[in-house]
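Q: What follows is each chain in one-letter form.
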Amino acid sequence: MSVATLPRTAGLVGWIASTDHKRIGARVATYSFGFFLVGGVFALLMRTELARPGLQVVSRDTYNELFTMHGSVMFFLVMTPLALALGMYLVPLQIGAVDIAWPRLALVGDWLIPSGGFTMLMGFATNHGAAKSGWTAFAPLSDITRSPGYGQDLWIVGAVLATLGAYALAVSILVTVIRFRAPGMTMLRLPVFTWSMVVTVLMVIASFPALVIALALLFVDRHFDSEIFAGAGGATVYQHLFWFYGHPVVYVIFFPFVGAVGEVVATFSRRRFFGYHALVLSLLVFTALSMSVWAHHMFATGRVTNQYFSLTSTLLAVPAGVEYFDLIGTMIGGAIVFSSAMLFAIGFILLFLIGGLTGIIVASPPIDYHVHDTFFVVGHFHYTIFAGSLFGFFAGVYYWFPKATGRLLREGLGKLHFALYFVGANVTFFPMFIAGWEGMPRRVADYKPIHDLSLVNLISSIGSGVLALGTLVFVWNVWVSMRRPVLAGNDPWEGQTLEWWTTSPPPRHNFDSLPPVKSYAPLYDRRMGET
Amino acid sequence: MSRAGVPLAVWAAFLTVLATVLAFWEHDNVPKVIFFASAALMWVVALYALVRGRRLVRTRVTPDLSYPAVFVALAIAMLALGALVGLWLVLIGVGALVIGLAGVGRELAAQRRAASS
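As you go down the protein sequences, you meet chains P and V in turn. Just so you know, we're using the working numbering here: the first sequence kicks off at 1 and counts up by one. Just so you know, we're using the working numbering here: the second sequence kicks off at 1 and counts up by one.
Do not rely on the hints blindly, as some may be mistaken.
What the hints assert, rightly or not - Covered stretches of chain V (in silico footprint by chain P; criterion: 3 or more residues with CB under 8 angstroms from a CB of chain P, positions within the stretch not fixed):
hint: 1; segment: 3-14
hint: 2; segment: 19-31
hint: 3; segment: 68-81
Stated by the list, open to error - Just a few of them, taken from the derived set where beta-carbon distance is under 7 angstroms, the chain P residues facing chain V:
hint: 4; residue: Ser18
hint: 5; residue: Leu202
hint: 6; residue: Met291
hint: 7; residue: Tyr308
hint: 8; residue: Ser310
Don't read these hints as lab results, they were simulated from the structure. Even for Gly, the Cβ is constructed at its ideal location relative to N, Cα and C.
Based on the provided sequences and hints, a complete structural model is requested.
A: Okay, structure coming up:
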């Protein structure tokens with residue numbers, strides 16, 4: 001495919017309306033990071049409140065708003081967009097494409113997400129405050145009687161807009177992979193990260209419509225007295241629709257970072273990725289299975305078939321094991337370079353393991369009954385999403401930042417960032433397992449002044465401060481690296497995939513030329529051919 | 001037929017198998033309907049990829065900017081918010097959507113002309 005383009009438009013206009021996939025990706029990543037800081041402040045407020053028993057900082061109502069908006073911001077406006085932003089930026093570069101498919105659709109999606117975000121956050125300015133029914137907005141808690149006011153409605157509209165935006169980005173990425181690959185780039189030569197994006201967007205396309213339907217019906221229920229989700233049966237229907245989206249989305253914000261970690265591990269182990277074909281198959285199986293486990297969130301309702309959902313949830317351990325085996329196999333015998341990116345990748349592998357193993361615990365109905373709606377579950381999903389996915393994201397940031405900006409991030413600050421995050425994540429989230437096992441429910445602003453609970457909550461709150469400090473170090477690193485640049489060159493890490501062939505940052509049309517593609521790692525092939 | 005659609009078809013087949021197993025186990029119709037609907041959607045996507053998924057070989061003319069696309073996004077946001085705020089915002093949203101889509105259509109036509117010339 002050849003391409004003709006106009007020169008890139010500079011300035012604010014170029015930033016707002018550009019159809020360049022790199023600008024769209026960078027834009028989504030930038031505002032998502034802004035939302036991350038907002039969601040992080042909500043988390044800090046909650047942890048400050050929970051540091052001691054009693055109510056010191058916020059009221060119960062405000063606490064309810066905080067945990068609702070923290071979860072909503074992090075899922076709808078941070079992790080999902082960040083995952084897709086990485087794909088939007090990198091997939092065309094990795095497959096040797098000059099552009100993204102359907103760029104206007106991607107641009108529409110790009111602007112729907114922040115529109116949804118601001119709509120959702122506007123709830124804080126309404127009479128009844130922002131939504132308070134959790135990021136799940138379970139019916140009947142979210143109905144007009146129990147959640148009066150515009151806050152919940154704004155949440156519904158905002159969540160729908162953000163979800164539609166993510167959908168548009170996903171469709172654009174999938175069509176790009178199918179139609180815009182460079183000559184020689186067959187499906188079984190796609191880089192590991194691109195494969196992880198393919199399965200991710202498949203999950204988005206298959207599962208996200210369920211949320212839009214659920215929220216549209218919830219809106220109708222709130223304003224037209226339709227009672228679709230009224231009664232026990234209705235509440236279960238809502239949960240089925242919600243969790244059909246709500247579980248796969250956890251993998252939507254996980255797999256892109258598995259792919260990113262795979263690229264980082266292979267590059268910094270100076271080896272070809274171990275077990276590429278097994279990884280591709282495991283990604284397909286893993287994501288398909290992950291579409292079938294949603295009702296394990298509903299064991300405690302007593303209205304689902306425990307056997308099926310427990311079985312499929314436990315089966316997830318098999319493809320997950322294959323992926324871990326491949327990642328570790330790549331490192332074995334490699335000349336490992338402990339760069340910031342590699343440290344975050346190793347952190348991802350270690351910490352997600354804790355999240356994954358505790359996932360097996362909650363996949364077992366008898367144990368799930370014990371820990372359901374306790375802080376154990378909060379600890380579990382923060383190990384998967386924060387300690388897992390976010391570490392994978394930062395592995396990707398330290399790895400690809402030079403490609404996107406032409407500048408290297410400071411390694412010393414990167415390692416300090418990693419150390420603070422690694423310590424902070426464990427100090428924050430591990431005590432939650434103890435609190436949950438002892439029966440502390442989630443979504444409460446206060447708890448009994450029992451010595452154990454007070455201590456683990458205090459430790460957890462101190463950990464959240466360490467995480468905040470780590471985030472500031474990262475922001476400082478970006479600031480310093482942009483103000484006093486250390487130029488990166490085209491390929492500072494000896495990368496293996498096509499994005500490292502072009503300039504840093506890449507031109508509007510991505511490539512002036514392409515090397516022959518005979519495997520998923522054409523630059524590695526070329527380097528090996530030269531030696 | 002494009003081979004790029006094969007993994008998508010495999011994935012759709014996985015979903016169908018899992019939905020079928022669920023159907024044997026589950027008595028409630030809601031989860032079955034949701035899962036089969038999702039699998040059906042993925043079959044549509046996979047068939048599209050199999051039939052229309054050939055690699056693009058002709059020249060593409062890519063516009064650097066698209067104001068109408070941004071306008072469409074804002075129009076959709078206004079439409080959604082209008083459902084809450086009132087008919088006046090819905091009507092503004094409809095107007096903005098029409099203008100935005102017309103602009104996108106104009107861009108696409110110009111793009112086609114440029115590609116063929």
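Q: Does each hint hold? Answer for all of them.
A: Here is how each hint holds up against the structure:
no. : hint   : result
1   : 3-14   : holds (count 9)
2   : 19-31  : holds (count 9)
3   : 68-81  : holds (count 10)
4   : Ser18  : holds (6 angstroms)
5   : Leu202 : holds (6 angstroms)
6   : Met291 : holds (6 angstroms)
7   : Tyr308 : holds (4 angstroms)
8   : Ser310 : violated (11 angstroms)
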